[in-house]
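S.K.: Those protein sequences? They're chains D and V, same order as listed. All residue numbers for the first sequence refer to the numbering used here, where the first residue is 797 and numbers rise by one. All residue numbers for the second sequence refer to the numbering used here, where the first residue is 4 and numbers rise by one.
A few of these clues could be false.
Computed cross-link-like contacts, DSSO-like style, restricted to lysine-lysine with a CA-CA straight-line distance of at most 27 Å [unchecked claim]: (1) V:K202 <-> D:K867; (2) V:K93 <-> V:K138; (3) V:K151 <-> V:K32; (4) V:K151 <-> V:K138; (5) D:K844 <-> D:K887; (6) D:K887 <-> V:K202.
Label-pair restraints from in silico Cβ distances [claimed, not checked]: (7) V:A147 <-> D:E1082: 26 to 36 Å; (8) D:P1052 <-> V:R277: 24 to 34 Å; (9) D:R1035 <-> V:D141: 54 to 64 Å; (10) V:E90 <-> D:L1110: 32 to 42 Å.
Over the 12 Å line for every Cβ pair with chain D, so calculated as not near, a few chain V residues [to be verified]: (11) D37; (12) F62; (13) G66; (14) R96; (15) Y101; (16) N136; (17) D141; (18) A254; (19) D271.
Just so you know, these hints were derived from the structure itself, not from any lab. We put the beta carbon where it would ideally sit given N, CA and C, even for glycine.
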Amino acid sequence: MAQMAAAGFSFLQRGRFQQLFDVLQEAGYRCVGPRVTDGAILYDTVTKVEDLPQAVRDRQAPGHYRLESSKSELYFAWANGPQALKPLVFKPRETLWQCQAQPSRGLQFETVPPEAPATAVIGVRACDLAALRLQDRHFIHGPVVDPAYLARRRNLFLVAVNCTHPADTCFCRSTGDGPQVTNGFDLLLSEIDAGFVIEARTDQGVDVLGRLPTEGATAKQLEAARQPIARGAQAQTRRFPTRNLRDTLLSNLDHPRWQQVAERCLSCGNCTAVCPTCFCHSEGDEPTLDGSRSEHYRQWGSCFTRTHSYIHGLVIRGDTRLRYRQWLTHKLGTWHEQYGRSGCVGCGRCISWCPVGIDLTEEIAAICASAADA
Amino acid sequence: MEHRPGMTGQETNTAAAEAVSKPRIAVHKFASCDGCQLAFLNLGEDLLALMEMVDVVHFAEAGPVDPDAEVDFAFIEGSISTPADIERVKRIRERSRYVIAVGACATAGGLQALRNMADAGQWMRAVYAEPGNIKSLDTSTPVAQHIKVDLELWGCPVNGRQVLAAVRALLSGVAPAEEHDKVCLECKRRQSVCVMVAKGMPCMGPMTRTGCGALCPSFGRDCYGCYGPAENSNTDSLTRRFEGLGLLPDAVARRFLSINNGAPAFNDAGRKLRE
Chain D
797 MAQMAAAGFS
807 FLQRGRFQQL
817 FDVLQEAGYR
827 CVGPRVTDGA
837 ILYDTVTKVE
847 DLPQAVRDRQ
857 APGHYRLESS
867 KSELYFAWAN
877 GPQALKPLVF
887 KPRETLWQCQ
897 AQPSRGLQFE
907 TVPPEAPATA
917 VIGVRACDLA
927 ALRLQDRHFI
937 HGPVVDPAYL
947 ARRRNLFLVA
957 VNCTHPADTC
967 FCRSTGDGPQ
977 VTNGFDLLLS
987 EIDAGFVIEA
997 RTDQGVDVLG
1007 RLPTEGATAK
1017 QLEAARQPIA
1027 RGAQAQTRRF
1037 PTRNLRDTLL
1047 SNLDHPRWQQ
1057 VAERCLSCGN
1067 CTAVCPTCFC
1077 HSEGDEPTLD
1087 GSRSEHYRQW
1097 GSCFTRTHSY
1107 IHGLVIRGDT
1117 RLRYRQWLTH
1127 KLGTWHEQYG
1137 RSGCVGCGRC
1147 ISWCPVGIDL
1157 TEEIAAICAS
1167 AADA
Chain V
4 MEHRPGMTGQ
14 ETNTAAAEAV
24 SKPRIAVHKF
34 ASCDGCQLAF
44 LNLGEDLLAL
54 MEMVDVVHFA
64 EAGPVDPDAE
74 VDFAFIEGSI
84 STPADIERVK
94 RIRERSRYVI
104 AVGACATAGG
114 LQALRNMADA
124 GQWMRAVYAE
134 PGNIKSLDTS
144 TPVAQHIKVD
154 LELWGCPVNG
164 RQVLAAVRAL
174 LSGVAPAEEH
184 DKVCLECKRR
194 QSVCVMVAKG
204 MPCMGPMTRT
214 GCGALCPSFG
224 RDCYGCYGPA
234 ENSNTDSLTR
244 RFEGLGLLPD
254 AVARRFLSIN
264 NGAPAFNDAG
274 RKLRE
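With the hints as extra help, turn the sequences into a complete structure.
M.R.: What follows is the structure, encoded as C-alpha cells:
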C-alpha cells in the first residue's frame, strides 16, 4: 500500500480532508497552516479544516494587500501572506545563551536549548520551499551549523500545495521556483473541486499517506490538477531579464536609478522582514536589573538599518541609496558566488508589503535596460 | 563625594560601606503629564530591587524631595517652558554626574511645543482670565537645548523596559544601547499585519524609532509616532504615500505635528505641508 502511494498519485475526497489534520496530530505534530488573521493570511496553529481560509482570495499590488471573499469552495485559492516558513525556523527573536554571575565561580555561560516542537506545516508553496532550501544552505550547510535552526528544521513535516492562484506580484516562473512544486516536501497536495491529488516523497510522507482514506487518483483528476498550475504560471507578468544578474548589477553600481529608488525608499526594512530568504540578524544582551544574569538574544535585522553596516566607529552605509543597493546587489548578484544561485524566489512579498510599493522587478528592469543601451 | 555608579555593592565588604557607595538618583519634573515618571513607579518587583540598589534622593511624585541634592543620575521629565525652568535645569546639570532626558517632552518639547509655531501670547489671552499672572516662555523646548544631556530616552510615555535597560547600563558604567530601528522591523518581528498595506491606514511606523514594541499596530491601529523620528527618515516619500491614501495635506501635516512636533525631522515635514 505504502509503495503504491509513493509510486503513484492518491486522491483524498474533500469531505475527508479533516483526516489529514487528525493523522498528523495523532502522530504528535502541531499543525501549522494558513489562517485569516487581521486582514491577511498568516501561518499559525490549525486543528481543523474550518481554520483554513476557505472561499478567500487575495488581491495584491505594489504596497497593497487585501482579502476578498470568493464563491470558490477551495482552501488554497490564494497566493500568499506576509510570511510562511521563515518565522518557524529562523525565529524573529530568540535567546541563544545566558550568563550567570556566581559569587564563587565567576561568570557561568550556558546555551539555551531551542524549542523545536514537531511541526507539520500545511499549505507550503513552491516559492516557500525554494526559500527554505536557501535558508538551509545558509544555516545548516555553511561552515558553521546553526543548532537552533537545525533543531527546528529537522522537526518540520512539510505538506506542500501546488499554487494555482498567483498574485499579480508573483514571479516564481521567472526565477524558476514555481508554481509547480517539484521537491523538498513530505506530502504534496493539488487541490481540485472534488478534493486533493496527493503525492508522498519521504518515508514519513508515505507513512502519513498510508493512514489516510485515499483512493488511486484517476487520469482525469491528474489533468484537473495540472491545468490550473499551468494557467497560474501563464498569468504571471513580472519577470527578471535573466536569472544571474551579478555582472549587470556589479557593473552598474553608479547607475542613477539607485538614487531615484532611494528617494522613494523609506529604509524601513519591511522588504527584508517579509523576504523568505533574508537571514540577517542583530544580537544583543538583556541583563536583569540586579546584574546577576544576562540573556543574549538574536533577532531579525536588516541591511536597511544603520547598525547593519556599523564597523568600529563607522557606519559604512549611511544613506538609503547605499542600503537599497546593498540589498539588491547581494540578493540578486553576489548570492550567486555565496550560495550558487540568486537569493530571490519570486514570491513578490517585498513588492506587496513595501509601504510605498517599490517593485524590485521594475528597478532591475530600469537598471538592465539602460545598461544594455550603454 | 565621589560615587562609582558601576558598582552594585559587590566590591564593598561592610554594610555601611555599601550604603555609602549606593548611586544617588533624582527624578525631576518640568512641563509634562507625569506619565514617564509612572514608568518608574510601575516597575513592580523591579522597583523594589532598584530601591535596594540606589538612593532615591529626589522624586517628588514618589515622596523624597531634595531638588538641589548632588546626584549620580538625574532623570528629567518634561520640557522647558518657563524662565524659572531654565534656571532650574541649569542647577540640575551642575549637581549631576549624568543627565538623562526622559520622554517626548524632555527630548522634543512635547505636545506643548505646538505653541512654538503659534502666537503663544494670543493663546494665553484666549485661555486665561488674568494672563498677566503667568510667566511663561513663548516656546516649549527639549532639555538638550539648554544643557548638555548625556542620554535621551524617547517615547510618550517611555516604558519600564526602556528605563530598566538604561538604568542597568548606567549602573554598569557602559553606554546604553540606543534603539534606532524603525517600528516596522519590530512590527514584523511580532508578526503583526501591516496596517498600511492591508488596511490603508496612514501609519507612522516607517518613520518612527522603535522602543514601544510596535504596540499600536499589534492592536490593528496605525502608529502615531510617539517615539519620535528614527534615523534616516524619508518624510517626503511617506508624505506622498499618505496623500496617495487620500489624506489632504493638512491631515498629513497633523501626522507629523503631533506629540513629537518639535523633533526636527517631523517639524520640517509638517511645516513644508503647511507652507
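S.K.: Look at each hint and say if it fits the structure.
M.R.: For each hint, the structure was consulted:
{"no.": "1", "hint": "V:K202 <-> D:K867", "verdict": "holds, 23 Å"}
{"no.": "2", "hint": "V:K93 <-> V:K138", "verdict": "holds, 18 Å"}
{"no.": "3", "hint": "V:K151 <-> V:K32", "verdict": "holds, 17 Å"}
{"no.": "4", "hint": "V:K151 <-> V:K138", "verdict": "holds, 25 Å"}
{"no.": "5", "hint": "D:K844 <-> D:K887", "verdict": "holds, 25 Å"}
{"no.": "6", "hint": "D:K887 <-> V:K202", "verdict": "holds, 26 Å"}
{"no.": "7", "hint": "V:A147 <-> D:E1082: 26 to 36 Å", "verdict": "holds, 27 Å"}
{"no.": "8", "hint": "D:P1052 <-> V:R277: 24 to 34 Å", "verdict": "holds, 32 Å"}
{"no.": "9", "hint": "D:R1035 <-> V:D141: 54 to 64 Å", "verdict": "holds, 59 Å"}
{"no.": "10", "hint": "V:E90 <-> D:L1110: 32 to 42 Å", "verdict": "holds, 40 Å"}
{"no.": "11", "hint": "D37", "verdict": "holds, 23 Å"}
{"no.": "12", "hint": "F62", "verdict": "holds, 17 Å"}
{"no.": "13", "hint": "G66", "verdict": "holds, 20 Å"}
{"no.": "14", "hint": "R96", "verdict": "holds, 27 Å"}
{"no.": "15", "hint": "Y101", "verdict": "holds, 18 Å"}
{"no.": "16", "hint": "N136", "verdict": "holds, 44 Å"}
{"no.": "17", "hint": "D141", "verdict": "holds, 34 Å"}
{"no.": "18", "hint": "A254", "verdict": "holds, 17 Å"}
{"no.": "19", "hint": "D271", "verdict": "holds, 16 Å"}
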